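Which chain is which? The protein sequence lines are A and B, in order.
In terms of our numbering, the first sequence opens at residue 1 and continues consecutively.
In terms of our numbering, the second sequence opens at residue 1001 and continues consecutively.
In short, the hints are calculated from the structure, not lab data.
Only a predicted model underlies this, so the values are computations on that prediction, with no experimental measurement involved.
Certain hints may be false.
Once the Cα atoms are required to be at most 30 Å apart in a straight line, the calculated DSS-like pairs of lysine-lysine come out as [claimed, not checked]:
id, chain 1, residue 1, chain 2, residue 2
1, B, Lys1105, A, Lys98
2, B, Lys1101, B, Lys1410
3, B, Lys1129, A, Lys360
4, A, Lys211, A, Lys360
5, B, Lys1410, A, Lys98
6, B, Lys1105, B, Lys1445
7, B, Lys1045, A, Lys289
8, A, Lys360, B, Lys1045
9, B, Lys1045, A, Lys213
10, A, Lys175, A, Lys326
11, A, Lys98, A, Lys360
12, B, Lys1129, A, Lys182
13, A, Lys175, B, Lys1129
14, B, Lys1410, A, Lys288
15, A, Lys289, B, Lys1373
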Amino acid sequence: MPMNDTSLFRNILRASVLALTLPLVFTMAACSSPSVDDTTGTADVDASASGEIVVYTALEDELVEEYLTDFSAQYPEITVNIVRESTGTITAKLLAEKDNPVADLVWGTAASSLLVLDDEGMLEPYEPVGVENILDKFKSTKAVPSWVGIDVWETAFVINTVELEKLGLTVDDIKTYDDLLKPELKGHIVMSNPSSSGTGLLTVTGLMQLKGKGTDAGWNYLDQLHENIDQYVHSGSKPAKMAGAGETIVGVSFGYAGIKQKRDGLPVEVVFPTEGSGWDLEANALMKKDAINPAAQTFLDWAISDSAMNMYKGNYPIITNGQGAKYDGFESDPVDQLIDNDLSWIAQNRESILENWNEKYDGKSAAR
Amino acid sequence: MDKLRRYLTGLRVSQLLVLLLCLVMLTVVLIFPIFSLFSKAFLNKSGDFVGFANYIKYFDTPALSTSIINTIDISLWSTLFSMILGFGYAFALTRTRIKGKAFFKYTALIPIFIPTLVHALGLVYLFGKQGILTRAGLFPFELYGRLGIIISETIYTFPQAFLMFYVALEFADGRLYEAAESMGASHARVLFRVTFPEIKYTIVSAFFVCFTLAFTDFGAPKVIGGSFNVLATDVYKQVAGQFNFNMGAVVGTLLLIPAVASFTVDRLVNSKNSGTISARATQLTIKASTGRDVFFFTLCSLVTGFFLVLIIALAIGGLTENYPYNLAFTLDNFSFNRSVGGMGAYTNSLKMALATAIFGTIFVFVYAYMIEKTAGFTLLRRFGKLLSVLPLALPGMVIGIAFIFFFNSKTNPLNFVYGTMAILVIANILHYFSVPFLTASGCLKKLDREYESVSDSMNVPRWKMFIRVSVPLSLPAILEISMYFFVNAMVTVSAVVFLYSANFKIAAIAITHMEEAGDFGQAAAMSLLILLMNVGVRIAYEAAVRLIKRRTNHQEVTV
C-alpha cells in the first residue's frame, strides 16, 4: 500500500495534538487555583497595616483560631494565611524551602527549631515593639534578636486516675521522677521518643542537666526508667492523649497537652515533677526574604503585645514577660518549676545524647 | 530509499514523540525532584561531597539492623496475609456463584476509603488496652508494636491485592477450563495448572505491590507501632525529628531496594510471559458447587465483617462524648473547628481528588499504552517501566520534601505550580502512579496484539485505533484507575502535608490535626464523611460499569 505525503503530515499533526494536550492538562491544573505568592507589591498608604502575610506555626489549631480573632479585630486590613503543622513537619518544611522561603514569619514554634533555622542563616533579626519586656533567657542573645519567645512548655506527667487506682496507687504517689520507677508502674508509662519529638528531647536533656551534666547519673536513671516504659512514641502530645484514652496510665508529655485532656473531661491529672522540668519555648521569628513585608513586622509586634500575651497565659501559664498565671491546682509560681536550662550545652551535646539514647533504648525496642 | 521513506512516514516517528513526551513528563516530576533530595545522601550538612560516609555511619548504628529486619519481617507477613485473603476474596467474586457479590465488592475497598491513620484509630478502639474486644476479654495480645503493624498493613494492602487479582481473574479463557475438566483434572490441579499460571504475572506484581507498600508505609508504625522501629520511622526521625536531610536521604534510598528488585524480577517473569487473551477465548461458565460457595461465602463474610466492625468502632468513637469514660451520645464531633479548614477543606479535597482522577487516568493510560503497545524502542520502554515502579517505593514524606526542593527552587521554570492545587494533584498522581500503571498495563497486555498489527497494515493511525478500540475495550480498567486515584487523593496525607498552602486546606490533613489535638471523636466523624463520599463515588462507578457492559454486550450481539 503506497503512502502519500499527507499521511506523514497527518501523523505528525496528530502526534503533536496529543503532545500538546498532556502538558496543557497540567497547566490547566496549575491555573485552577490562586497562587499565594502574590502578596507583595501593595501600593497602599500604610503597607504595615494592610496586605496579606503567610504565617507558619506549630501552635494548636484551636489556639490559633482563638488568638487570631484578636489580631483581626485590631488589623482588619491584614489577611493572615496560616499553615499549621506539628513542630517537626513545619520545621522540615521551612528548611526545605530555604532557597525560596514562602513564609513571611514563624509564630509559636519551638525555639530549638528556630535555632536550627538561625544557624542556616534563614532568620532576619528584628526587634519587635515591646521586646524589652521579654526576659533575657526567653529570647535570642543577639543584639537585634533573631527570635523572641512567647510562652514556655515543659515536661509534665499526665496521669489517668481511673486506671491508676486499679494499680492501688493515687496521684499523690507520683510526684518525682523517681516515683516513675515504682515496680507497680512497669509497662504503664509512655514517653515521647527524643529522636522524633521535641518534647522527648527536652525531657531527656532536662533529666541530664538535673542529674548532673557530663555524669552518668542521668543515664543510670534512664536505664531504670526504660524497664518501666511501655513504648516510646513519635509525638510530644501523644503520651498525654494515650493517658486520656486509658491506653496508658502515665504519659510523660508536656503541661498543656494534659490540661487540654482534663478540660475535655477526661479523668487525668497533670503533675509537674518536684525536681523541675526541662523546657523549650514557643517563639516567633521573621524570615529572611528578598522583600520583607511590613505587615509581617506588624504581626510580630502584636504577637508579643499585652493583649496577645494575656491570651497565651490562659493556656500556657508561663509567658516570657514573667507576668504569667498559675496552673490550676499547682500552687507555686510555675517559673520555679523550670530548670536552669543551658541551651548551648543542649545544642552541643544533642547529637551525642541522641546517639547514645538510640543505641541504649531504641535499638532494643524490637519484637517482643 | 523507499524503505527509509516508509520508515519516516510510518507510525514510528509520532510514536517515538509521544513515548518520549511521556517519559520526559514522568522524569521531570519523579527523577528530578527525587534526585534533588537523594543527592544529599552523599553530602554532609554543609553541602560538601562525602561519598559513602553517611551510609557507613548509618550502617554503623546498631539500631539499623533491627530496623531492616523489622521492616522485612512485617512486610513479608502482611504481604502473605493480604495476598491469600485478596486472592480468595477475588476468586469468590469471579469464579463462584455466591450471593451478594456487589455488596462484597464495595466492602472489600473500605480500607482505602478512609485515611490509614484512621485504620489505626479503629484498631485502637477495638484492640487497644481499652478496646471494645480487649475489655470483653477477646483479645489477650499486645496491639502496639509488631502485631499492630502487621494487622494494619494487611488491612491497608488487602484492597490492592484484591483489586489486582479481581481484574486478573475476571478474564478467563473458558476453553482451558473445559479442557481441564474433560480430562478429569481435580480442583486443586486446575488451580495449580490453569488458574495460577494464567495469573502468574499478577501474583508477582501483587506480591511486590503489597510488599513495597508495607515496606515504606509510615502511618501505621507511627500510630500503632509502639517502639517497633521500621525504616519509614527512621526517615521520619531523621527528617522531622533531627532535621537531618542527609541521613533521611540515606534511609530513603534504602527504601527503593524492593522496587528495583521488583523491576528485575518483573523482567525475568515477563520475558516468559505472553498471557494475552486470544480473540477466540470463550466465556467461562461457572459450575454449581455448594461446598465451594459456602466456603467462599464464609471467607468473604469474615473479611467484610471485620471491616464493618472497624467502621462501627469508629462510629462509636465519633458519636460518643469521650470513649471509654463517657459513653453519652453526641453529634458535637461533626461541628469541626474552623482553623482546620472546616467544611471548606472537604470541598477542596473533592476538587483535588477529581482533578487527580481525571488527569491521572489520562496520563497513566496513555503512558501504559506507549510502554505496552509500541513496537521497538526496547530500551526506552524498559526505562519507562523502571520509572513506573519507583513511585511505589517512595514514602509520601520523601515525595513531599523532594517536591519542595525541586518546585520551590527560584531557578525552576515550573516554580509557579508551588503553593497551588496543581502541585498537590501532581504529587498525588506521582505518589499513586504505580498501581494504576500495573492495572492499565495488565489490561492492555490482555488485548490481542493483532489489533495493532491489523490497524497498522490497514494504515489506520494508532491514535484512532487507541481511541476507537483500546480505550473502549479497557473502559472498566480505566474507570477502576480513576476510582483508585480519586479515593487515594481523598485520604492521602503523607506527601501533601508538606505541599498544601494556607489557602487550600484539605480534609485528610484536617483529620491528622484532629488526631494530633486528641480530638479522636472529630477525627472519626470527618473520616465517616470521607467514607460516605467514597462509597457514593463507588456506587456511581459500579452503575457506569454496568451500563458499559450492557452496551458492549449489545454490540457484540449485533455485530
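Problem - Numbers of unmet hints, in rising order - result: Violated hints: 1, 2, 11, 15; rest satisfied.
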